[in-house]
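Residues per chain are reported as follows:
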Amino acid sequence: MIEYILKLIPAMLSGLEITLSIFSLTLLFSIPLGILVAVGRLSKLKPLVKVIEFYIWVMRGTPLLLQIIFIYFGLPIIGITFERFPAALIAFILNYTAYFGEIFRGGIASIDKGQYEAAKVLGFTSAQTFIRIILPQMIKIVLPSVANEVITLVKDTALVYVVGLGELLRSGKIASNRDASLVPLVMVGVFYLALTWVLTKLFQRIEKRYAYYQ
Amino acid sequence: MLLKVEGLCKSFKGKQVLKNVGFALHCGEILAIIGRSGSGKTTILRCINNLVKCDRGTIIVDGTVLCKDQQEEKSVYAKPAEMLQIRKKLGMVFQSFNLFPHMSVLENIIEAPVHVFGIARPEAEEKANALLAMLDLQDKTSAYPFELSGGQKQRVAIARACALNPLVMCLDEPTSALDPELREGIAVTIEKLAEQGMGILLITHDMAFAKRVAHRVIFMEAGQIIEEGSKEEFFDHVENEKIKKFVIG
Ligand SMILES: Nc1ncnc2c1ncn2[C@@H]1O[C@H](COP(=O)(O)OP(=O)(O)OP(=O)(O)O)[C@@H](O)[C@H]1O
Ligand SMILES: [Mg+2]
Chain G
1 MIEYILKLIP
11 AMLSGLEITL
21 SIFSLTLLFS
31 IPLGILVAVG
41 RLSKLKPLVK
51 VIEFYIWVMR
61 GTPLLLQIIF
71 IYFGLPIIGI
81 TFERFPAALI
91 AFILNYTAYF
101 GEIFRGGIAS
111 IDKGQYEAAK
121 VLGFTSAQTF
131 IRIILPQMIK
141 IVLPSVANEV
151 ITLVKDTALV
161 YVVGLGELLR
171 SGKIASNRDA
181 SLVPLVMVGV
191 FYLALTWVLT
201 KLFQRIEKRY
211 AYYQ
Chain W
1 MLLKVEGLCK
11 SFKGKQVLKN
21 VGFALHCGEI
31 LAIIGRSGSG
41 KTTILRCINN
51 LVKCDRGTII
61 VDGTVLCKDQ
71 QEEKSVYAKP
81 AEMLQIRKKL
91 GMVFQSFNLF
101 PHMSVLENII
111 EAPVHVFGIA
121 RPEAEEKANA
131 LLAMLDLQDK
141 TSAYPFELSG
151 GQKQRVAIAR
161 ACALNPLVMC
171 LDEPTSALDP
181 ELREGIAVTI
191 EKLAEQGMGI
201 LLITHDMAFA
211 KRVAHRVIFM
221 EAGQIIEEGS
231 KEEFFDHVEN
241 EKIKKFVIG
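Order-wise, the sequence lines are chains G and W.
The numbering of the first sequence is the working numbering, which starts it at 1 and goes up by one.
The numbering of the second sequence is the working numbering, which starts it at 1 and goes up by one.
Okay, chain G solo, but in the shape it has when bound (with noise of 0.2 Å):
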């Protein structure tokens, strides 16, 4: 038994390190561009508020799977075609963009307005305000509704399979099938388990080192 599980380790460790990726480079790109795109959810700009709405009611309103099939397998039917790697993380970023884009909008638009204006009288320009006074106020409050949705996305990196790419779960699904056995599947999910215990125990941290104000 326990030869058989460390037989099967390898094969696990490199559909982890494809998960891993995918998880990673979404988180790297979809936070940095969700800060964007609330902002410019939030802009005075009224085409650029259309375009945004337009863009997150796709991304919330259809499936994740839609999204990634439809850059791999569709898209190259009117002649843009990627590989597999980066067709899913392209909907990857595209999708956890649009809900985080939203989460930090409302993180933003939950902050007092006397907020601006004691920075505006202080000569703050816009972008020191945004940068000193409204981002580190939006962080706190957004914490728990990111470690949610970071979460999420450990679990939708299954996804993947799709395109065939060889994450951690299809890594399991292959050796299940191949030896009929239900270890594999097991193993898969404890590494899910430990992926997800780690990050919640780091959100708690987290939290607690935003938990100095009220």
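Accuracy of the hints is not assured; some may be wrong.
[Said to hold, decoys possible] As a list, the in silico SDA-like pairs of lysine to any residue whose alpha-carbon atoms are at most 25 Å apart:
#1 W:211 / W:134
#2 G:120 / W:60
#3 G:140 / W:104
#4 G:113 / W:88
#5 W:89 / G:125
#6 G:140 / W:142
#7 G:208 / W:103
#8 W:74 / G:125
#9 G:120 / W:135
#10 G:120 / W:173
#11 G:113 / W:103
#12 W:79 / G:126
#13 G:120 / W:151
#14 G:208 / W:104
#15 W:53 / G:111
#16 G:140 / G:29
#17 G:46 / W:13
#18 G:208 / W:143
#19 W:53 / G:128
#20 W:89 / G:129
#21 G:120 / W:53
#22 G:120 / W:104
#23 G:140 / W:147
#24 W:19 / W:207
#25 W:13 / G:116
[As the list claims (entries may be wrong)] Quick list of the computed label-pair ranges, beta carbon to beta carbon:
#26 W:245 / G:36: 52 to 58 Å
#27 W:118 / G:202: 34 to 40 Å
#28 W:11 / G:24: 52 to 58 Å
#29 G:112 / W:22: 29 to 35 Å
[Claimed, not checked] Covered stretches of chain W, going by a simulated chain G footprint (3 or more residues, C-beta under 8 Å):
#30 78-88
#31 107-119
#32 141-153
Since the hints were derived computationally from the structure, they do not count as laboratory data.
Beta carbons are placed, not taken as given, at the ideal position from N, Cα and C, and that holds for glycine.
Got chain G sorted already, so can you dock chain W with the ligands onto it with the hints?
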């Protein structure tokens, strides 16, 4: 003259909130603007601090034009660089204080001097500590706003507004969050600032407080100044029936 306001007009959605408001504020003077709720008092302060743009009128802060009347057209405003210099000359204490909750008391005070005006941190801290000592807040330097009482928050807001050595200090309803004991404290603080030569523009509907600290009083009604005079003239010899009723309560 520190501050001159002339012909100030402002409408919100077609409703005229300020009608031809004009007054002057001098060095070391405490000017109280009183009047009913909705009479336009806060809007005057917001125009002076450029939080709203007036429709017409001229505002001059210590010789620098903030906005200039253009007769039939909207007033023209100073360019951003000049605006920053004007902001430095104005201090504003909001009714709700608007302290930055994620910053300590000290950080609240030095934030603008250091990050907007490029003053060296030690120098800014020294000034902040002096202000905190003057306002009896030495032991709150590293506290966060949520840990302070209403009166303490207000004093921090005053310290923050004082950090850039403004010439004019605007206070919107400074006594509304305070019990009577603390009112005396804030009266003393305001007087101290005026003694240092600051001009104080004070909005209040607390008659007793206006009587206690003001040198001069302006009475507003429906966006217009309907009475102006020294404190003595205003409280002891007022003729206007409406004002009498308001003053007596
Ligand atoms: N941003 C705004 N948009 C629309 N109307 C406004 C705005 N700000 C103020 N007003 C209106 O202008 C009028 C004057 O408001 P202002 O806040 O100056 O009164 P105030 O004298 O300070 O009253 P209070 O004593 O209650 O604070 C009110 O009728 C108010 O509804
Ligand atoms: Mg008011």
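> Within a Cα-Cα threshold of 25 Å, do residue 120 (chain G) and residue 104 (chain W) meet the stated pairing?
Replying inline: Distance ~19 Å between residue 120 (chain G) and residue 104 (chain W) Cα, so the pair holds.
>> Need the status of pair residue 208 (chain G), residue 103 (chain W): alpha-carbon distance at most 25 Å?
In response: 16 Å, holds
>> Range first: 52 to 58 Å. Now tell me if the beta carbons of residue 11 (chain W) and residue 24 (chain G) are that far apart.
In response: 54 Å, holds
>> Run the distance test for residue 19 (chain W) versus residue 207 (chain W): straight-line Cα separation, threshold 25 Å.
In response: 24 Å, holds
>> The hint says 29 to 35 Å between residue 112 (chain G) and residue 22 (chain W); measuring C-beta to C-beta, is that right?
In response: 32 Å, holds
>> What's the verdict on residue 120 (chain G) and residue 53 (chain W), does the C-alpha distance respect the 25 Å limit or exceed it?
In response: Holds. Residue 120 (chain G) to residue 53 (chain W) sits at ~13 Å (cutoff 25 Å).
>> Check the hint pairing residue 113 (chain G) with residue 88 (chain W) against an upper bound of 25 Å on the C-alpha distance.
In response: Within the cut-off at roughly 21 Å; holds.
> So does residue 118 (chain W) sit 34 to 40 Å from residue 202 (chain G), Cβ to Cβ?
Replying inline: 37 Å, holds
> According to a criterion of three or more residues whose C-beta lies within less than 8 Å of a C-beta of chain G, is the segment 107-119 of chain W covered?
Replying inline: holds (count 5)
> Within 25 Å, alpha carbon to alpha carbon, are residue 208 (chain G) and residue 104 (chain W)?
Replying inline: 17 Å, holds
>> Hint check: residue 208 (chain G) vs residue 143 (chain W), CA-CA at most 25 Å. Holds or violated?
In response: Given pair residue 208 (chain G), residue 143 (chain W) holds - Cα atoms ~18 Å apart, limit 25 Å.
>> For a C-alpha distance cap of 25 Å, please report whether residue 211 (chain W) and residue 134 (chain W) respect it.
In response: At roughly 24 Å apart (the allowed maximum being 25 Å), residue 134 (chain W) and residue 211 (chain W) satisfy the hint.
In summary, the structure agrees with every hint in the numbered list given earlier.
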